[in-house]
Structures are given as C-alpha cells and as structure tokens.
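Peer 1: Residues -25 to -1, 1 to 124 (mature numbering (1 follows the signal peptide of the UniProt record, and there is no 0)) are what the sequence shown spells out, left to right.
Bear in mind the hints are in silico, worked out from the structure with no lab data behind them. Certain hints may be false.
What the hints assert, rightly or not - For each label pair, taking beta carbons as the anchor points, the in silico distance ranges come out as:
no., residue 1, residue 2, range
1, Thr114, Gly58, 29 to 35 Å
2, Thr61, Pro15, 28 to 34 Å
3, Asp18, Lys54, 32 to 38 Å
4, Leu116, Asn44, 17 to 23 Å
5, Lys115, Ala64, 30 to 36 Å
6, Lys117, Pro59, 33 to 39 Å
7, Lys66, Asn122, 34 to 40 Å
8, Thr61, Ser124, 19 to 25 Å
To be verified - Below, computed lysine-lysine pairings styled on DSS-like, alpha-carbon distance capped at 27 Å:
no., residue 1, residue 2
9, Lys106, Lys117
10, Lys38, Lys106
11, Lys17, Lys107
Glycine included, C-beta positions come from ideal geometry on N, C-alpha and C.
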Amino acid sequence: MRLSYASLAVSLVASALIAARPAHAATPVVQFIRVWYDSPGKDYRGNSSLNAEYVIIKNTTRKVIDLENWVLRDETGYKYIFGPVTLRAGKRLVVRTGQGEDTATTVYWNRKQYVWNNDGDTATLRNATGKKIDTCGWTKLKPGYTNCS
C-alpha cells in the first residue's frame, strides 16, 4: 500500500497543531470575580471607607461549598480565615475589609486598616487543606478595582 507524501505531510502538520494547542486550566471551584483595592475618596480608615475595599468570590460549581477554615490573603501576609460559612452553588460572597455583621452574602474581615495595596498586590484563596484555589493580581493604581474572571 502506497501513502502519498502530501497526505503524510498534511497528517503530520495537523497532528503537530493539535498537540501544540495550550492546555486551558480548569475553572477553580471558587473563583475571584473582582477585587476593589482602592476605596473611593480619601483613605481615612473609617469603617465605611474600609468596607468599600472588598473582594468578591463565586462558587462555580453546582454544589454547596463549605468555606470554613479557607484562607484569603494578600502578598504581605494579611490573612482572613473564613468562619462557618457556606457558599451555595453559583452564588457570590463579598469579603469586606472593615467591620460588620456577617450574612449569607457578605462577611467582614473586621480590620481597622486597609489590606490591599493600591499600586499592586495579589489576592490568594486557599482551601482548608492549604491547596491554592485561585489568585487575582493587579499592578496599577487606576481604576481602583480589577475584574478577575
């Protein structure tokens, strides 16, 4: 049986192109949606200003995820350890820097100073066993927030 060089060449090129395609990372089970790292107005460390600095995460699965003992941190090492909170399928949760009463949709870090560096930082989310789930970073001051997904 004879195989033409042209068909062999086409097959080899096609195989190489398929093999060379980059692998796409799977969507994390909980994903950063947005980090608002520069609260509007002057940074005066008032609670309303602190709470205007926040992170939004989203459950990308079809099941409830228990976030207890998960850790949100910045590059400096400031850590928020989630208490007994669950994130329903497809729902979002806001983590605000300042003080407040936790609800099903918003939790509070209860800090009295800012966490996120305006000119560049990285938010990292790890599960209760320490496995990195997602990161979101930025390197510029404006516009004061970054969309992560």
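Peer 1: Hint by hint, say whether it matches the structure.
Peer 2: Against the structure, the hints come out as follows:
Between Thr114 and Gly58 the beta carbon distance is about 32 Å. The supplied range of 29 to 35 Å therefore holds. Judged by the Cβ atoms, the range 28 to 34 Å given for Thr61 and Pro15 holds: they are separated by roughly 31 Å. The supplied range of 32 to 38 Å is broken by Asp18 and Lys54, whose beta-carbon atoms lie about 21 Å from each other. Between Leu116 and Asn44 the beta carbon distance is about 33 Å. The supplied range of 17 to 23 Å is therefore violated.
For the pair Lys115 and Ala64, the beta carbons lie near 34 Å from each other, so the given range of 30 to 36 Å is met. Checked against the given bound of 33 to 39 Å, the beta carbons of Lys117 and Pro59, roughly 37 Å apart, stay inside it. One distance hint, 34 to 40 Å for the beta-carbon pair Lys66 and Asn122, is violated here, with the actual separation near 18 Å. At about 21 Å, the CB distance of Thr61 to Ser124 agrees with the hint of 19 to 25 Å.
Taking the CA atoms of Lys106 and Lys117, the gap is near 31 Å; set against the 27 Å cutoff, the hint is violated. For the hint pairing Lys38 with Lys106, the CA-to-CA distance comes to about 19 Å; that is within 27 Å, so the pair holds. Between Lys17 and Lys107 the alpha-carbon distance is near 33 Å, which puts this suggested pair outside the 27 Å criterion.
Checked against the numbered hints listed earlier, the structure breaks hints 3, 4, 7, 9 and 11; every other hint is satisfied.
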